[in-house]
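With the hints as extra help, turn the sequences into a complete structure.
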Amino acid sequence: MGEPLESAGLFLRLSAARIRAQLQYRTSFALQTVGMFLISFLDFAAILVIFANVPQLGGWSVSEVALLYAISSLAFSLTDLAIGHLDYLPQLIRDGSFDLLLVRPRGTLFQVVTQDFQIRRIGKVAQSLMVLGYALATLDVIWTPDRVALLIATIPAGALIFASIWVAAICIVFWTTEGNEAANAVTYGGTFFAQYPINIYDRWLRRFLAYLIPTAFVAYFPCLYILGKADPLGLPVWLQVSSPLVALAAALAAGLIWRTAVRHYQSAGG
Amino acid sequence: MALVDVQDLRKEFVVRRGSGLRRERVVVRAVDGITFAIESGSIVGYIGPNGAGKSTTVKMLTGILVPSGGRVSVAGFVPSKQRTKLAARIGVMFGQRVQLWWDLPLIESFELLRHIYRVPAERFRQNLDMLGAALELGPFLRTPVRQLSLGQRIRGELTAAMLHEPDILFLDEPTIGLDVVARQRVRELLLRANRERGLTVLLTSHDLVDIERLCSRILVIDHGHLVYDGGLETLKERYGTERVLVVDLEEPRPPLDVEGARVIKVDGPRQWIAFERERTNAARLTAQVAALAPLRDLTLQEPDIEDVVRRIYAEGATGSAGRSSTA
Ligand SMILES: Nc1ncnc2c1ncn2[C@@H]1O[C@H](COP(=O)(O)OP(=O)(O)OP(=O)(O)O)[C@@H](O)[C@H]1O
Ligand SMILES: [Mg+2]
Numbered sequence: 001m002g003e004p005l006e007s008a009g010l011f012l013r014l015s016a017a018r019i020r021a022q023l024q025y026r027t028s029f030a031l032q033t034v035g036m037f038l039i040s041f042l043d044f045a046a047i048l049v050i051f052a053n054v055p056q057l058g059g060w061s062v063s064e065v066a067l068l069y070a071i072s073s074l075a076f077s078l079t080d081l082a083i084g085h086l087d088y089l090p091q092l093i094r095d096g097s098f099d100l101l102l103v104r105p106r107g108t109l110f111q112v113v114t115q116d117f118q119i120r121r122i123g124k125v126a127q128s129l130m131v132l133g134y135a136l137a138t139l140d141v142i143w144t145p146d147r148v149a150l151l152i153a154t155i156p157a158g159a160l161i162f163a164s165i166w167v168a169a170i171c172i173v174f175w176t177t178e179g180n181e182a183a184n185a186v187t188y189g190g191t192f193f194a195q196y197p198i199n200i201y202d203r204w205l206r207r208f209l210a211y212l213i214p215t216a217f218v219a220y221f222p223c224l225y226i227l228g229k230a231d232p233l234g235l236p237v238w239l240q241v242s243s244p245l246v247a248l249a250a251a252l253a254a255g256l257i258w259r260t261a262v263r264h265y266q267s268a269g270g
Numbered sequence: 001m002a003l004v005d006v007q008d009l010r011k012e013f014v015v016r017r018g019s020g021l022r023r024e025r026v027v028v029r030a031v032d033g034i035t036f037a038i039e040s041g042s043i044v045g046y047i048g049p050n051g052a053g054k055s056t057t058v059k060m061l062t063g064i065l066v067p068s069g070g071r072v073s074v075a076g077f078v079p080s081k082q083r084t085k086l087a088a089r090i091g092v093m094f095g096q097r098v099q100l101w102w103d104l105p106l107i108e109s110f111e112l113l114r115h116i117y118r119v120p121a122e123r124f125r126q127n128l129d130m131l132g133a134a135l136e137l138g139p140f141l142r143t144p145v146r147q148l149s150l151g152q153r154i155r156g157e158l159t160a161a162m163l164h165e166p167d168i169l170f171l172d173e174p175t176i177g178l179d180v181v182a183r184q185r186v187r188e189l190l191l192r193a194n195r196e197r198g199l200t201v202l203l204t205s206h207d208l209v210d211i212e213r214l215c216s217r218i219l220v221i222d223h224g225h226l227v228y229d230g231g232l233e234t235l236k237e238r239y240g241t242e243r244v245l246v247v248d249l250e251e252p253r254p255p256l257d258v259e260g261a262r263v264i265k266v267d268g269p270r271q272w273i274a275f276e277r278e279r280t281n282a283a284r285l286t287a288q289v290a291a292l293a294p295l296r297d298l299t300l301q302e303p304d305i306e307d308v309v310r311r312i313y314a315e316g317a318t319g320s321a322g323r324s325s326t327a
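Going down the list, the protein sequences come from chains A and B. Per my numbering: the first sequence = residues 1 to 270. Per my numbering: the second sequence = residues 1 to 327.
One should not assume that every hint holds.
[Claimed, not checked] The following label-pair restraints were derived from C-beta to C-beta distances:
{"#": "1", "chain 1": "B", "residue 1": "S216", "chain 2": "A", "residue 2": "H264", "range": "32 to 42 Å"}
{"#": "2", "chain 1": "A", "residue 1": "T27", "chain 2": "B", "residue 2": "M1", "range": "53 to 63 Å"}
{"#": "3", "chain 1": "A", "residue 1": "H264", "chain 2": "B", "residue 2": "P255", "range": "52 to 62 Å"}
Hints are computed from structural coordinates only; laboratory data are not their basis. No residue lacks a Cβ here, since even glycine has one placed at the ideal position from N, Cα and C.
Below, the structure written as structure tokens:
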């Protein structure tokens with residue numbers, strides 16, 4: 001039972017160590033965080049521009065759209081903050097450094113995501129929180145306990161859904177990355193990874209897949225419920241409050257896929 | 001039960017060779033049916049030429065790779081199925097991989113590993129004191145890893161692999177890049193941990209001095225097959241039957257023609273004459289040489305492990321042909 005708590009403690013400890021390392025470069029760190037914060041406002045500015053011309057969009061007011069945006073963006077940016085380092089998995093696999101994670105007494109997924117912690121990603125979280133604040137301040141909603149509960153549950157559930165999709169999708173590199181093609185050559189003393197450019201999984205494609213599709217469960221359905229709107233598609237109401245369950249199911253499935261994928265890991269010559 | 005128990009272990013890699021349309025799938029049998037057991041408390045050397053399958057074996061023993069066939073048990077666990085349980089009991093170091101945190105001081109890396117391995121604070125301090133003294137880490141404990149020299153970093157890596165008091169250490173080319181003094185320190189540390197704590201070590205190395213100084217037993221692997229398992233002396237006897245008589249003649253001569261032996265090197269008046277133990281002996285050879293040319297001095301060279309290993313690698317102790325097959 002102490003297990004998850006202990007792991008959470010370790011997560012914080014490892015992240016703190018990464019933050020300390022980044023603080024060695026104080027100025028660049030501060031600039032990047034502020035930059036991230038400002039750039040992320042551009043998304044929302046685009047929405048505001050539209051509403052400057054029309055008061056309503058598909059029956060949604062600007063405050064309602066802000067709520068929708070804030071929930072999904074907060075869930076996504078929390079996921080990005082916590083497990084963003086997953087982007088580097090292809091590189092870990094290609095150069096064989098995933099080996100080292102397998103010989104430690106901890107979960108491999110846990111170790112991949114704690115290899116780095118990009119604190120500048122907090123900029124996006126902060127921006128999402130501000131939009132959420134704006135939505136809550138301007139919305140005309142009667143805050144019944146069920147609505148409050150759903151709003152609170154929706155954010156971690158949404159983050160979990162994004163994370164699960166992300167994990168499941170990236171697992172493909174265990175099959176597609178051929179250990180190390182250079183493994184055919186003499187491996188003694190070789191450090192091949194220097195030859196490979198850092199290939200970050202296409203961030204945009206990933207965002208599109210992992211962001212748009214599940215946004216329905218992460219934000220749209222819960223918003224319908226919280227705002228008391230009728231579902232234009234006429235789907236059953238229980239769908240609107242199902243995101244926590246969907247999140248749990250997605251997490252279980254992603255965990256299973258990850259385990260299977262790791263057994264296909266071929267390492268690299270050396 | 002033995003600490004390490006390996007039966008008929010196999011690993012095949014499917015690789016794609018060639019380019020464009022002519023790409024074909026090739027199955028490489030990196031480890032091809034290996035059986036051995038290691039008792040607790042021994043230091044075993046695992047040697048073989050490049051690409052023989054040493055690292056692949058170590059990866060299957062440590063739970064990194066899932067075997068294609070055969071059985072493995074280490075410390076009572078099946079590595080690929082009980083990976084995290086096993087990980088707490090073993091220490092692993094790959095001379096070419098960095099496990100320390102690149103931009104943190106060495107001591108902070110150790111501190112993080114303490115939490116990852118759940119080592120009690122008191123034990124951790126004792127172990128770090130012991131290892132730090134043995135490997136003389138003191139001067140650079142607070143230096144970020146990226147600023148360490150290769151030798152310093154490798155000493156740090158070895159410490160990292162031993163902080164949680166593993167029962168068995170797997171070292172894949174641990175002394176790559178170390179100077180003579182550092183190498184000696186590493187060897188002393190391993191011998192001491194072996195003596196005092198009964199630490200078991202499986203070591204691959206291309207440095208035969210490591211093997212000679214440390215290992216009571218040697219496994220030789222070639223093309224995925226185990227070709228020798230036994231002590232160093234027997235290895236020398238079996239493969240090192242060739243000895244060399246070095247003679248200093250009164251004056252330079254062309255290579256001498258002696259029965260049952262051959263001249264392998266000439267340097268002025270000095271000649272190196274190699275001979276097989278079964279075919280002739282040093283006394284007879286000396287008499288023959290003396291009859292051909294006036295002799296000033298002579299010495300006899302016993303085979304050293306380098307010669308032995310060079311010979312095994314060159315001849316490939318078994319007549320192993322084509323280990324790859326097209327699938
Ligand atoms: N991940 C991999 N994918 C494909 N082939 C591999 C892989 N790892 C190793 N091999 C192949 O398996 C064989 C054995 O490799 P291995 O790394 O075990 O050799 P080794 O004995 O450690 O050699 P060295 O002394 O060069 O380190 C080689 O032919 C190598 O090309
Ligand atoms: Mg190797």
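Hints, one by one, checked against the model:
Evaluation of the 32 to 42 Å hint for B:S216 and A:H264 yields a pass: the beta carbon distance comes to about 37 Å. Between A:T27 and B:M1 the CB atoms are about 59 Å apart, so this pair conforms to the stated range of 53 to 63 Å. Against the hinted window of 52 to 62 Å, the Cβ-Cβ separation of A:H264 and B:P255 comes to about 58 Å, which satisfies the hint.
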